[in-house]
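**Q** Here's the letter readout for the chains.
There are 4 protein chains.
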Amino acid sequence: MISFESDYIEGAHPQILKRLAETNMEALSGYGADEYTSSAKNKIAAACACPEAQIAFITGGTQTNQLVIDTMLHPYEGVVSVQTGHVSVHEAGAIEYTGHKVLPLPAHNGKMDADELEQFIKDFYADGNHEHMVFPGIVYISHPTEYGTLYTKAELTKLSEVCRKYGIPLFMDGARLGYALESLHTDVTLKDIASLCDVFYIGGTKVGALCGEAVVFTKKNMPNHFENLTKKHGALVAKGRLLGIQFDTLFTDDLYFKISRNAIERAEELKAIFIERNYQFFIDSPTNQQFVILENTKMQELQKNVKFSFWEKYDDSHTVVRFATSWATTKEKIEELKKFL
Amino acid sequence: MISFESDYIEGAHPQILKRLAETNMEALSGYGADEYTSSAKNKIAAACACPEAQIAFITGGTQTNQLVIDTMLHPYEGVVSVQTGHVSVHEAGAIEYTGHKVLPLPAHNGKMDADELEQFIKDFYADGNHEHMVFPGIVYISHPTEYGTLYTKAELTKLSEVCRKYGIPLFMDGARLGYALESLHTDVTLKDIASLCDVFYIGGTKVGALCGEAVVFTKKNMPNHFENLTKKHGALVAKGRLLGIQFDTLFTDDLYFKISRNAIERAEELKAIFIERNYQFFIDSPTNQQFVILENTKMQELQKNVKFSFWEKYDDSHTVVRFATSWATTKEKIEELKKFL
Amino acid sequence: MISFESDYIEGAHPQILKRLAETNMEALSGYGADEYTSSAKNKIAAACACPEAQIAFITGGTQTNQLVIDTMLHPYEGVVSVQTGHVSVHEAGAIEYTGHKVLPLPAHNGKMDADELEQFIKDFYADGNHEHMVFPGIVYISHPTEYGTLYTKAELTKLSEVCRKYGIPLFMDGARLGYALESLHTDVTLKDIASLCDVFYIGGTKVGALCGEAVVFTKKNMPNHFENLTKKHGALVAKGRLLGIQFDTLFTDDLYFKISRNAIERAEELKAIFIERNYQFFIDSPTNQQFVILENTKMQELQKNVKFSFWEKYDDSHTVVRFATSWATTKEKIEELKKFL
Amino acid sequence: MISFESDYIEGAHPQILKRLAETNMEALSGYGADEYTSSAKNKIAAACACPEAQIAFITGGTQTNQLVIDTMLHPYEGVVSVQTGHVSVHEAGAIEYTGHKVLPLPAHNGKMDADELEQFIKDFYADGNHEHMVFPGIVYISHPTEYGTLYTKAELTKLSEVCRKYGIPLFMDGARLGYALESLHTDVTLKDIASLCDVFYIGGTKVGALCGEAVVFTKKNMPNHFENLTKKHGALVAKGRLLGIQFDTLFTDDLYFKISRNAIERAEELKAIFIERNYQFFIDSPTNQQFVILENTKMQELQKNVKFSFWEKYDDSHTVVRFATSWATTKEKIEELKKFL
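Protein chains in written order, with this note's numbering: chain A, 1 to 341; chain B, 1 to 341; chain C, 1 to 341; chain D, 1 to 341.
Careful: at least some of the hints might be erroneous.
The list cannot tell twin chains apart, which means a pair is met if one copy fits it or any two copies do.
[As the list claims (entries may be wrong)] Once the Cα atoms are required to be at most 20 angstroms apart in a straight line, the calculated EDC-like pairs of lysine to aspartate or glutamate come out as:
no.	residue 1	residue 2
1	165	265
2	165	335
3	158	127
4	333	26
5	158	315
6	298	316
7	122	316
8	191	269
9	313	116
10	313	127
11	158	187
12	313	123
13	307	187
14	220	155
15	338	315
16	220	192
17	333	227
18	153	295
19	219	113
20	153	253
21	338	268
22	339	131
23	338	22
24	298	312
Just so you know, these hints were derived from the structure itself, not from any lab.
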C-alpha cells in the first residue's frame, strides 16, 4: 500500500531529528526563552528580508489561525474569508469559539478576488445599518489555497492594496507555504509575502516538521502581551525548544525551500502520469495537492493499493479525490503509483 | 552553570527520540488515527487497570486543563480549585476564556481539604440565591500540587467520596504525575487514581516527552464529539504520531515510572545536601520540586553558578526558591551543586 | 412629517400602560416570581394549546435569539439560518459571541427551503471530514421573515419533519409573530407553531409592548437552569413584573391578536395605495412590512414629508425602501400618506 | 403582609409612568436615537458637572457590569473586585462568560482598601511569572456596597489615585447610587464620583425606574463602537425611548435625588425602631439596606407578617436578614412594622 493521503503522513525531516538529538541534553529555559528559538527567529526575519519582523511559534495551523485572528481583531470585528477557506469550513468553529464571525466571500478556485473584497467593504460601510453588523476586521487568505492554487504577485498586491486602503490587516495562512514558494508556476517570493501581508505564517507541520508554525508579524504589529494571550489560548508550549530547534534547522542552509521543492517535483511527475493516462483534473493545481476526478469503480479498485483522500462527490459516477506529495515523497513511490493507474 | 530551573529544561528521553527516528518514514494517518496512538492508549489503559478508559493526547498542560474543564462543565457551572491551583493563578485566565469561573477554596500546602470542599458545596446549595451563582461543576486538584506535595490515598478517597456524593466529577492535573507515583512517600498508585478520579492526565512534557499529556476519562465519560471540541479549541494535532509514539514509548517496559524514579532519587539526594548544610525548607516536598529559603546575599552568590526559580519573597532578607530535578538529572549535577552551597 | 420607519416607533398599547399604572404600587417579588408573570405564562400556554409549555420572558429580540440558541446548542454545534436571517446579518455577531457559528443556507424571499435544509444536513453527515466541521444543532427561521414573508403550514410542517428526522430542534423567531398570525394570507395558527416548533418566541417589542419577548419551549425542553443561564447572559430582569404584566395584558381578551390585526389592515390599505399609484413592490409581503422600489428623485422628495427605511440599492436610479405599519398605525396616517405619493 | 424584601418590589415612580403615557404615541426613532434619550444624557452630564460625559442606557445591572467590564478590558486583563462584590459572587459568572477573570481582594464591610489594591498591583508586576497571569485591567467597586456601606470621599480619592498611578480605570457600580448620594452619612457627591471614577453607572431599576441603568464614561473613554458591542451582547433596546424617557424624568427637577431621600428617611426610621427594640445589627449601614441579626424563632414568627430577605446564617440560633426600603416606602409601612417586632 502506498499513501498519498496527505502531506503530514511522515514524521520530520531527518536533519530535524538529528538536531533534536544533538541538543537534547542541553539545559534550556522554557517558553521560547532559549537560544535556538532566538536563532530561528533571526533566520526567518532574514529570509523574509524583514528585520523588524516579530515572530512566534505555535504548534498547529488551526491553533495559529484562531490565535492570530482573535488577537488581531477588535471585539466588533470579524474575519473575511472565502467560503472554502479553512477557517470558514474545516476548523470546527474555532474562530467563532473566540467570539468572532467569519464573513464569507465567494471563492474562485479557492481564491479571493480583490474587487469583490473591496465591493464587500464598500457595501458594508454604505449600509446605514452597519453598526448592527460585524465589521470586516482582518482578511484571511491561504496560499496555497485549500485547492492547491496560488495567488499571483499581481493578485496579492491588489488584495494588499485594498486592505491598506481600508486599514484592514491582511493575514496569510501559509500552512503549506513552502509548496507555494517552490511551485514552478509562481512569481511570489517569501519577501513579497512579508512585504504585502501584515501577518502570515510559515507552515512547519506539513513541510518537514513534527509540528509547528512560525507566525510572522511584519509591521511591528504583534498584539500586546502576545505571550500572555498565547497562554490564555492554551497554546504556549513549555519546551519552546521543540519549535525553536525545528525552525532553526528548517531555515539553515535553505532546508525549508529544498525540501519543499521535492514535493513540487514529485507532484509534477504525478501530474504528468495522470495526464498521460488521460485522467481529468478537478482543478489545475501548481502545488503539492492534486485533485483528480475518478470514475467510482476505478476509485474503489485503486483504493486496494493506494491511499488518497476523498474530496467531494463529482457526479453520480465520479468522485473528486486528492493526491498529496510532500517533502518526503520519493521518486520510487511515484513510479509505483503508475502500476495501479 | 548548572540548572535546576525546572523539569522541562531538557529535551526528551533518548528512547523517545530513538522511536521517533525509527518510525519516522512510516506513512501514518493523521489526527491520532495511527497504530502507535492506539497502542499507547491500550498500554495506558492497562497500566491504569481501567479497560474502559477513553484516552486522548493533548500537547500541553494548560491546553489540557482548559479543554477538559470546558468540555466537562455545563454552561452554568464552574471549576472548584484551591487558590494556589495552576488553573486558578498561572494559566493567564485560560479557564475564564472558556466562559467558566474558577471557584477558589483555601489551599493547605497546595492541597484541597475534603471537608472544606463538602462544606463549600453544602453552603452553595443552602444559599437561597444560588440560581444567581456559579454551580460547582468539577473539582480540580493537582498531584503533585504546585508545591510538590501529595495527597494520601485516604485524602484522595475522601475527596472522591465527596465528589460522588454530590455528582461532581473529580479531575486530577497530573502534569508531574510520574513524580507523584514514584515518590518514596506515597501510598497512591496509578490504579488508585484511575479508580478515584473521573478524569485525570498523565503528564509527558515534564516527564520525559518533548510535549504531550495523556488525558484519561475513567468512567466512559469522555464528552461527546471530543475530537471536534479538541479541534474547536485549536488543540488537535495533525501529526498525532508525535504524541502517540512518545506515550507508546513511555508506557513500554515501565519507562515512564523508571525515569520518574530518577527524578525522585536525585531530589532526595539534593534534599539531603540542603539538610546537611542546614538550609531551611519552605515546605516539605516528597517529590521532584524542592522549595528552599535562601538568605538574599547567599541567593545572589549562588545564582552565579546555579540556575533555580524564584518562587516568592519570604521576608525582607530571605527568598523562597525552587530547585527541580527531572528524569534527566544526573548524580554528577547533584554533586556539582554541593560545591556552591 | 409622518413616519412608517418601523413597527417600534410608538410606545406601548394604552391598555398595557393602564395595567402598569394600576399594579404599580403592589409589592411583588423580583426576577419573575410574581403572580402576573405566572398568569401571563398560563395565558400564553393556553393560547398555544400547549399545557406543558415552559415560558420565559426576555427583554429584546437579539437577546432572546442569543440566549435560546446558545443554551439549546451543544458546544460542537451551530445554528442553521438562511443568509438573510436576522441572526446571520443584523445582530452584530451576537451568536458568534456565544462561541457558535451561523451556518448559512440560501434564502428564498427570506425563507428556508426544507429540501435544501435536508440536503445540507445529509451532506454534512456524508462528509468524511465532518468531525472537523460545525454540526447543525438548531434550525432558526423567522416568521414573518426579515422580508415580511410567511411560511405556509405545509412549508412549516415540512421543515419540522426534517428537523425531527435528524433530531435537530426548530426555533422560530417571532419578533413580529402577531403580524404573521393576523395576516390575511396565512394558514398558520399559534397552535400550529407550538406544535411544529420546539421553541419559538412571541414578540412583544414590535407588537404593542414597551419591550419584551415571550419564549415558549414546547416540548418540556427548556435548558436546565435556564434562569441561571439568563442571568449569566446578563438578560435576567430584576423587575420581572415589567414583562409579566405586559404579556398578561397582551394575552387577556385576545389583545395581542386584535392589535396585530390593526397593523395588517393598515398595511393592506397602504399596499392598495401603492398599487393604485403603480409603484413596484420589491417583494410581495402579506404582513406589516411593505418593500417598495422608489425612483431615487421620488424617494428624496418623499423623504421631506414621510419617514421610511432604506433597505437596499435596487439599481443606479432606484432604491428599495420599507414602509412598516404597527398596532398603532391610524387610518388617518395612511390617508395622509396619499398626499405625498 | 408588608414587604421589605428588596428595593425593586414596586413599579416605577408615578411621574415616570405619567411621562411614558404622555409621550406614548409620539413616533420616535429606535435604538436611542430619540430626543428624550438625548435630553436625558444632557441632564445627566449636567448633574455630573461633566460636559464631556459619554452616556449609554442599559436595561439592568448585571448586563451593565458585564458590558462595561468586557468592553473596557484588554483580552489579557481581568477585573479586580472585593470577594463580596456583585460581579464576583451574584452574577452567575456573567463576567467569566465574557472571557475575563474576576481577581478577588478581601472585603472590609463590603469595601476595597486602597492600600491592599496597590499592594496587589505591585505584587502582580513584581511576580516574574506575571505574563502567565491575568493582568489587573479595571477596578470594580460598588457604592453603596452589597452590604449597604459607603466609601468616604477620602477613601474614594485614594482608590482613584492608585488606579491612575497604574493606569487602571476605576468603575463604580451604582445600582443603588441614589441611596448613597442621599445618605445622611456621606461626603461623596455625584460630581465627586464623575471626577474620581473613569466609568460608573447611575442605577434606575432600584431607584424608581421600571428598568434601566445610565452608564457614564467620564473621560472620553467610551469604547469604540459601543453601540455595536451593546448589540453584540444582546443588550441594545429597540425602543430606546423606554430608557430615555425614564432617565429624562428622573433627572428633571432633581426627582432622582428626592425619591432617593425618601428611602434614606424611611431606613433611618426603621433603624431607629430596631435600635429602640434592642435588635443587633450585622453591619452599620448608612443606606437603604439594613442588616439585622434575628433569633431564629423570632425570625419565623416575623415572617408570618413581614417579608424580608435571608442574608446569611449568623450562628446556630441566629440569622442575618435584610430589610430594604426604597423610593416608594411609606411612613405607614414603617409604623406597621413596629407592631410585629
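**Q** It remains to establish, for every hint, whether it holds in the given structure.
**A** Okay, the hints, checked on the actual structure:
1. Taking identical chains as interchangeable, the C-alpha atoms of residue 165 and residue 265 are never at most 20 angstroms apart, the minima being 38 angstroms within one chain and 49 angstroms between chains.
2. For the homomeric pair residue 165 and residue 335, neither the shortest alpha-carbon distance inside one copy (50 angstroms) nor that between copies (49 angstroms) is at most 20 angstroms.
3. Neither within a single protomer nor between protomers do residue 158 and residue 127 lie at most 20 angstroms apart by alpha-carbon distance, with minima of 24 angstroms and 35 angstroms respectively.
4. Taking CA atoms no more than 20 angstroms apart as the test, residue 333 paired with residue 26 passes between copies only; the shortest distance there is 13 angstroms, against 38 angstroms inside one copy.
5. Taking the closest pair of Cα atoms, residue 158 and residue 315 never come within 20 angstroms of each other, the shortest separation being 36 angstroms inside a single copy and 27 angstroms across copies.
6. Taking identical chains as interchangeable, the C-alpha atoms of residue 298 and residue 316 lie at most 20 angstroms apart only when both belong to the same chain, with a minimum of 14 angstroms there against 53 angstroms between chains.
7. Taking the closest pair of Cα atoms, residue 122 and residue 316 come within 20 angstroms of each other only across two copies (16 angstroms); inside a single copy the shortest separation is 41 angstroms, beyond that limit.
8. Taking identical chains as interchangeable, the C-alpha atoms of residue 191 and residue 269 are never at most 20 angstroms apart, the minima being 28 angstroms within one chain and 54 angstroms between chains.
9. Proximity of residue 313 to residue 116 under the C-alpha cut-off of 20 angstroms is restricted to the inter-copy arrangement: shortest distance 17 angstroms between copies versus 28 angstroms within a copy.
10. Taking the closest pair of Cα atoms, residue 313 and residue 127 come within 20 angstroms of each other only across two copies (10 angstroms); inside a single copy the shortest separation is 38 angstroms, beyond that limit.
11. Taking identical chains as interchangeable, the C-alpha atoms of residue 158 and residue 187 lie at most 20 angstroms apart only when both belong to the same chain, with a minimum of 14 angstroms there against 53 angstroms between chains.
12. Proximity of residue 313 and residue 123 under a CA criterion of 20 angstroms is satisfied inter-copy only: 10 angstroms between copies versus 34 angstroms inside one chain copy.
13. In the homo-oligomer, the alpha carbons of residue 307 and residue 187 never lie at most 20 angstroms apart, since the shortest distance is 32 angstroms inside one protomer and 49 angstroms across protomers.
14. In this homomeric assembly, residue 220 and residue 155 never come within 20 angstroms of each other (Cα to Cα): the closest approach is 24 angstroms inside a single copy and 41 angstroms across copies.
15. When the C-alpha separation of residue 338 and residue 315 is checked against a cutoff of 20 angstroms, the pair qualifies neither within a copy, at 25 angstroms, nor between copies, at 56 angstroms.
16. Taking the closest pair of Cα atoms, residue 220 and residue 192 come within 20 angstroms of each other only inside a single copy of the chain (17 angstroms); across copies the shortest separation is 41 angstroms, beyond that limit.
17. With identical chains, the CA atoms of residue 333 and residue 227 are never at most 20 angstroms apart, being 42 angstroms at best within one copy and 32 angstroms at best between copies.
18. In this assembly of identical chains, the alpha carbons of residue 153 and residue 295 never lie at most 20 angstroms apart, being 36 angstroms within a copy and 43 angstroms across copies at closest.
19. In this assembly of identical chains, the alpha carbons of residue 219 and residue 113 never lie at most 20 angstroms apart, being 24 angstroms within a copy and 42 angstroms across copies at closest.
20. Taking the shortest Cα distances, residue 153 and residue 253 never come within 20 angstroms of each other, neither inside one copy (26 angstroms) nor across copies (55 angstroms).
21. Taking identical chains as interchangeable, the C-alpha atoms of residue 338 and residue 268 lie at most 20 angstroms apart only when both belong to the same chain, with a minimum of 14 angstroms there against 62 angstroms between chains.
22. In the homo-oligomer, the alpha carbons of residue 339 and residue 131 never lie at most 20 angstroms apart, since the shortest distance is 60 angstroms inside one protomer and 34 angstroms across protomers.
23. In this assembly of identical chains, the alpha carbons of residue 338 and residue 22 never lie at most 20 angstroms apart, being 39 angstroms within a copy and 28 angstroms across copies at closest.
24. Proximity of residue 298 and residue 312 under a CA criterion of 20 angstroms is satisfied intra-copy only: 16 angstroms inside one chain copy versus 50 angstroms between copies.
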